Amino acid sequence: MTTDTQEPLLSVRGLTLDIPMASGVLHAVRGIDFDLHRGETLCIVGESGSGKSLTSLAIMGLLDKNIRRSATRMDFNGIELTTASNRQKRALRGDRIAMIFQEPMTSLNPAYTIGDQLIEALRLHRKVSRAVARARAVELLEKVGITAAASRLGQYPHQLSGGLRQRVVIAMALMCEPELIIADEPTTALDVTIQAQILSLLVELTREMNVAMILITHDLGVVARVADNVGVMYAGELVETGPAANVFGKPMHPYTRGLLRCIPQPGKTQRGEPLGTIPGIVPSLVGDITGCAFRTRCPHAADACHAAIPEQGVPPHEFRCIHADGARALEGEPA
Amino acid sequence: MAIQNTIDPLLEELTGPTPRQILRKRVTGHTGLLFGVGVVLLLIVVAILAPVLAPHDPYAQSLANRMVKPVFMGGTWEHPLGTDHLGRDYLSRLIYGARVSLLIGAVAALISGVIGTAMGVAAGYFGGKVDAVVTFMINVRLAMPVVLVALAVVAILGGSLQVVIGVLGLLLWDRFAVVMRASTLQVRNREYVAAAQAIGASTTRVVLSEIMPNIVNNLIVIVTLEMAHAILLEAALSFLGLGVQPPTPSWGLMVSEGKNMMLFEPWLVLIPGVVLFVLVLAINLMGDGLRDVTAPDNRS
Amino acid sequence: MLPFILKRLGLAFLVALTVSFISFSLLFLSGDPAAALAGETASGEDIEAIRRVYGFDRPMLVQYFEWLFKALRGDFGESYYFKLPVSTLIGDRLSVTMTLGVCGTTFALLTAVPLGVVAAIRPNSIIDRIALFISVAGQAMPSFWFGLILIVVFGIKLGWLPPSGASTWRHFIMPTIVLGYYAMPAIMRLTRAGMLEVLNSDYIRTARAKGAGEGRVLFKHALRNAIIPVVSLAAVQMGFMLGGSIVVESVFALHGAGYLAWESIARNDLPTVQALILIFSMFYIIFTFLADVLNAWLDPRMRSS
Chain A
204 MTTDTQEPLL SVRGLTLDIP MASGVLHAVR GIDFDLHRGE TLCIVGESGS
254 GKSLTSLAIM GLLDKNIRRS ATRMDFNGIE LTTASNRQKR ALRGDRIAMI
304 FQEPMTSLNP AYTIGDQLIE ALRLHRKVSR AVARARAVEL LEKVGITAAA
354 SRLGQYPHQL SGGLRQRVVI AMALMCEPEL IIADEPTTAL DVTIQAQILS
404 LLVELTREMN VAMILITHDL GVVARVADNV GVMYAGELVE TGPAANVFGK
454 PMHPYTRGLL RCIPQPGKTQ RGEPLGTIPG IVPSLVGDIT GCAFRTRCPH
504 AADACHAAIP EQGVPPHEFR CIHADGARAL EGEPA
Chain B
8 MAIQNTIDPL LEELTGPTPR QILRKRVTGH TGLLFGVGVV LLLIVVAILA
58 PVLAPHDPYA QSLANRMVKP VFMGGTWEHP LGTDHLGRDY LSRLIYGARV
108 SLLIGAVAAL ISGVIGTAMG VAAGYFGGKV DAVVTFMINV RLAMPVVLVA
158 LAVVAILGGS LQVVIGVLGL LLWDRFAVVM RASTLQVRNR EYVAAAQAIG
208 ASTTRVVLSE IMPNIVNNLI VIVTLEMAHA ILLEAALSFL GLGVQPPTPS
258 WGLMVSEGKN MMLFEPWLVL IPGVVLFVLV LAINLMGDGL RDVTAPDNRS
Chain C
344 MLPFILKRLG LAFLVALTVS FISFSLLFLS GDPAAALAGE TASGEDIEAI
394 RRVYGFDRPM LVQYFEWLFK ALRGDFGESY YFKLPVSTLI GDRLSVTMTL
444 GVCGTTFALL TAVPLGVVAA IRPNSIIDRI ALFISVAGQA MPSFWFGLIL
494 IVVFGIKLGW LPPSGASTWR HFIMPTIVLG YYAMPAIMRL TRAGMLEVLN
544 SDYIRTARAK GAGEGRVLFK HALRNAIIPV VSLAAVQMGF MLGGSIVVES
594 VFALHGAGYL AWESIARNDL PTVQALILIF SMFYIIFTFL ADVLNAWLDP
644 RMRSS
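Residue numbers (the numbering used here), protein chains in the order written: chain A, 204 to 538; chain B, 8 to 307; chain C, 344 to 648.
Calculated from the structure, these hints are not laboratory results.
Quick caveat: nothing in here was measured; it's all calculated off a predicted structure.
A virtual CB, placed ideally from N, CA and C, is assigned to each residue, including glycine.
Careful: at least some of the hints might be erroneous.
One-sided excerpt, in silico: chain A residues whose CB lies under 7 Å from chain C [stated by the list, open to error]:
1. 228
2. 302
3. 306
4. 310
For reference, chain A alone in the conformation it holds in the complex:
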């Protein structure tokens, strides 16, 4: 794990995403802050609808036209993304920041060979000949573990399995040697056995090429395997951030603890005891929202939770709660 003490590669402050709808404005992402350093892997974890995918699209500049984005800061390597021109953003996309999506079955254009698509990924940003691009494509296909790489170039996406396609997508993302890869649930649509392989591949490659990664997932198991740092998202907010070891070892926010209780944990979960659940459902994010979004489901909610919630905790492990200890004492957890 290499966390530079230098300037962060990506620095986001106050990212807010609003979606105008017929019934009002949906506040999908409500002012999140995080930093990402070179070579570091940040996992953003949360349930469906928490805003994590939208966050990744916001960074890439791939949001739908009707989504309103605002941020105090979105600095990538010295370039301020909120004010960058379309041309600048296009130059970054695929070259410096690459993205991997969830559905390998549909992420590749069915009308072109994977060779064509890989080569395009490179030649969009570099003036190289087709032959040079082709060679690099073969190199990367081998790197992601695809055998007989040269012959694969002439194949069409529908001729490959889901796992192979995802490997191709990863290779495509690496064609220009990006500094940041954003992977949105890259393994969710794959078979369980393949999931582990793809994850290992991602970890290995990002370490080897010193590529920073934001990996978005709802699966805590994935987080545990891959993350240097973790950001827990709930209802459009980052409720807890910090190094993985800290967040897992000593979860401060009641939501994080609730999440962890939902999965079996060796040493903690008792045999024969039911797994935890978090009662209630995610609140509607339409219209004005004040206070803590989790208070409708938090066992320790109080009147103070209706007002602005302070940031607590010691950097790098921070969280938002009115309780300075995140109500750990109230739950009988060691301080």
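Got chain A sorted already, so can you dock chains B and C onto it with the hints?
For chains B and C alone, coordinates are given in the frame of chain A:
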């Protein structure tokens, strides 16, 4: 303001708008549908009330009164749209022409609808050899040039209202068959069909009570489209002289009759064409509107 | 791909055979073709003579096969009216009709596809509504009426284009528009629907994520996929246009195969009519077959399966 929990979906269903209210809202909000239905109803009323509305007998010739100009070109209100080359009142012929178009459109669509639906549903429901035969027949029918065949048949059998209706009815069933077959295939594999079959319902019963209600909305859309198609075809046939024969007032025939004088009296050609256009447009809008309103997710 | 082609070919052949039989048997609709040919004032002996000369006294199937085998060699008999071989008659006129068909299809594609693409990029915008309006209005307008209007406006009043005849390329402009506009709405709608669906695909998102500009995304990535069904629709429409050429050719006095069809029907020139029905059907069958093959070839998923 406090955060509300998302409404319980069950509660929403109990207290929210009923399906009928939702449908009504969609209908009243759809301008195309309203326009289409309005115009079609208007023309139906005109056609039914033709004897009352038409100022003269559309067949009454008057050689002394030939080529009288319409009122906006200096004529009188006696013949608001003037007279044609045989002295017949143009407006009356126009009004009675609505009868011809609507009648042919409706009956031809009905005949082809029955034929096509029977074939399509049978093909979709029974599959196998039945499907193969029906699909083959559809392909044969599609390969035949409709206008040419219709012209030839009418020429051999003689042009009249009945012949034209019959020919069109026997030729225009293809889209019915194709769409009904596709809809039946879609519905056929749903659970409620299997359930009905499991309790021993007869084939007729399954088709009538399980399959038909679910494909009826598609059927209605196709009926309107083919009605428009039949009206246009009849107009073309009559224009070419091989459809409805004079002296029956058909809008297509009126265009043909006015063709030779269209340089000097362009309205003779313009007016019947415009009413044809308006009628077909209205029917198409109605069909599209019905499709939108009954299955809004399928909107292209 | 080869078994697919062979299967489609076999089916096309069967369809062609059935159409030929139907087209031939139309002759017998009136009951007695000899009587129809002889006219109303003929005597019984005349009718019998005609029957023997033209061979109407043989069983229908025999007549059909004889006609079919001759037709396969290009011999469609002799026109009752012109006393010339039907094949010569049709051969002379067919080029006009084919030209019209190709021009009409090209016109339809050149106007409808861009319109459909633009409408899909900005759904529910002014352009989209205009495109939709053109599409709905286009399908409601009777083609013969449209032709007459064009003749009056452009041919006579404005004098820009010649109102009839077929000698120069200018003569083809108005007929092309009239023939093509009817195919436009379907092509436009299909392009629009296809583009809308494709633009929502994941691989378009991937293309944008790779840094491709909007132009490249639209044409290289989206249209390439959306156009597949449009190509086969265009081929089918071209098949239909041959049938529609009857009206257009008669309105514009273009002496093509469609005009010949109309004349022959009016004159009860049965051999010519039968031949024309068969030929028009054959073209339709060929075009749809080509459309299927093209469709399969354009979509790599169908190529290898």
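*Hints violated by the structure (listed by number, smallest first)*: Violated: hint 1 alone.
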